[in-house]
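As a plain string of letters, each chain reads:
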Amino acid sequence: AQKITQTQPGMFVQEKEAVTLDCTYDTSDPSYGLFWYKQPSSGEMIFLIYQGSYDQQNATEGRYSLNFQKARKSANLVISASQLGDSAMYFCAMRGNTGTASKLTFGTGTRLQVTL
Amino acid sequence: GAVVSQHPSWVICKSGTSVKIECRSLDFQATTMFWYRQFPKQSLMLMATSNEGSKATYEQGVEKDKFLINHASLTLSTLTVTSAHPEDSSFYICSASFPRGRNSPLHFGNGTRLTVT
Chain H
124 AQKITQTQPG
134 MFVQEKEAVT
144 LDCTYDTSDP
154 SYGLFWYKQP
164 SSGEMIFLIY
174 QGSYDQQNAT
184 EGRYSLNFQK
194 ARKSANLVIS
204 ASQLGDSAMY
214 FCAMRGNTGT
224 ASKLTFGTGT
234 RLQVTL
Chain R
79 GAVVSQHPSW
89 VICKSGTSVK
99 IECRSLDFQA
109 TTMFWYRQFP
119 KQSLMLMATS
129 NEGSKATYEQ
139 GVEKDKFLIN
149 HASLTLSTLT
159 VTSAHPEDSS
169 FYICSASFPR
179 GRNSPLHFGN
189 GTRLTVT
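So the protein sequences, as listed, match chains H and R. If you count by our numbering, then the first sequence holds residues 124 to 239, one letter each, in order. If you count by our numbering, then the second sequence holds residues 79 to 195, one letter each, in order.
It is worth saying that the hints were derived from the structure and are not from the lab.
For each label pair, taking beta carbons as the anchor points, the in silico distance ranges come out as:
(1) H:Pro132 with R:Glu137: 20 to 26 Å
(2) R:Gln107 with H:Glu184: 23 to 29 Å
(3) R:Thr160 with H:Pro163: 26 to 32 Å
(4) R:Lys133 with H:Leu239: 48 to 54 Å
Partial chain H-side listing against chain R, Cβ under 7 Å, derived:
(5) Phe158
(6) Leu227
(7) Phe229
(8) Thr231
C-beta atoms are modelled at their ideal positions from N, C-alpha and C, and glycine is treated no differently.
Whenever a hint applies, use it, and build me the whole structure from the sequences.
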């Protein structure tokens, strides 16, 4: 079974500062993918960044980077130079690599509020 | 990029009626689509996996006779909430995987907010 844990229900960050959103995971799959999604108040799920379990380097996408520590089973999202438009719910998710585990399993989410 | 269209974006219906929600992959073929449900301030919970040309696979605790899923083509999956009741009021969102492999991201529709009165 796969499990995603996000321990921060809510986070505040000042505009232009960096913020780290925590995510830990548990799986018995040897190969898996980790994803981060942003959900604004309108409800759509916006894909941000992906990290494969065998990737040697941490993933980066613009202002988003993923701090992947495989031994610790953590995949924290770092948002640099926060903007007001970054205020949203952020979900960490995992996808296994075998059979029905190809579905995405989500964490409980972190609500990020960017302040002036 | 891959686009998933979901319709309607919101619907209000009376208790006892049925509601159909459509999920389309616009620029790619999706042999598998996923249906999620999200209650306010909660995470997305997978309801079922929709497989083109075969029966859907439902998650434990999801009533297959209440939430009918049809995936008749490679670009369309539908979720029908039958005999809806107020407790079915929720945000339903579908997703599809762009066929680059199992670790390609799921692309989501914009969701359907269902209110049953």
